[in-house]
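Protein chains in written order, with the working numbering: chain D, 38 to 151; chain U, 24 to 138.
Any given hint might turn out to be false.
The following label-pair restraints were derived from C-beta to C-beta distances [unchecked claim]:
| # | chain 1 | residue 1 | chain 2 | residue 2 | range |
| --- | --- | --- | --- | --- | --- |
| 1 | D | ASN91 | U | GLU75 | 32 to 40 angstroms |
| 2 | D | ASN67 | U | PHE83 | 21 to 29 angstroms |
| 3 | U | THR32 | D | ARG118 | 19 to 27 angstroms |
| 4 | U | ARG38 | D | LYS106 | 41 to 49 angstroms |
| 5 | D | THR63 | U | LEU106 | 30 to 38 angstroms |
| 6 | U | ALA25 | D | ARG118 | 21 to 29 angstroms |
| 7 | U | PHE83 | D | ARG53 | 37 to 45 angstroms |
To be clear, the hints were calculated from the coordinates, so they are not data collected in a lab. Here a beta-carbon is modelled for each residue, glycine too, at the ideal position from N, C-alpha and C.
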Amino acid sequence: DAKTTQPPSMDCAEGRAANLPCNHSTISGNEYVYWYRQIHSQGPQYIIHGLKNNETNEMASLIITEDRKSSTLILPHATLRDTAVYYCIVRVEDYGGSQGNLIFGKGTKLSVKP
Amino acid sequence: DAGVTQSPTHLIKTRGQQVTLRCSPKSGHDTVSWYQQALGQGPQFIFQYYEEEERQRGNFPDRFSGHQFPNYSSELNVNALLLGDSALYLCASSLALGAGNQPQHFGDGTRLSIL
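Bound-form chain D, shown alone (with noise of 0.2 angstroms):
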């Protein structure tokens, strides 16, 4: 099962910040937390990880509480184009000498509304 918890849907307004929340409270000292989006009939696209810190790229930034217990994505100028589902996944780097799989929720519907 999945570890996170996300609302199933959000709105946002095309050019303001969408801000997707993460809850992951069982999280451990070894697990990432990972964003992925998928748009329709396209295959999942990696946004953004980070352990601890936050981070930031091209795409997003995120977010993460110090307790590492919930996390946020920021999509800082939403345009139509980002109306996706959002996954939050939490990942073990090394799963028994091999790399973690990602184990995908329902994630988040986003719509970007004009």
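For chain D, the structure is supplied; the task is to place chain U on it using the hints.
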């Protein structure tokens, strides 16, 4: 720089048949994972291949098997197809351990329909 490519994009089979799906990883990647995504659900992990061996397996029956070739490409085989096997099958590639915490990158999948 080519990303993950999967073939075919769509496939229609009947119950009881067998199917083979193919995946070429992103350039420089050596690990391939397969996922099944039913309609309206998140992807579910099937198995992962590294160094031509199955390293991890999710909760899928033995009808699902795979292979990884020396060039890191991979195949997913499903025998005795059931109606419930209708889904989008996704391949993801990544770098193995020892290269930092590396994200998996996905292809756009093969849509398999069972009649």
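Hint numbers the structure violates, sorted upward? none
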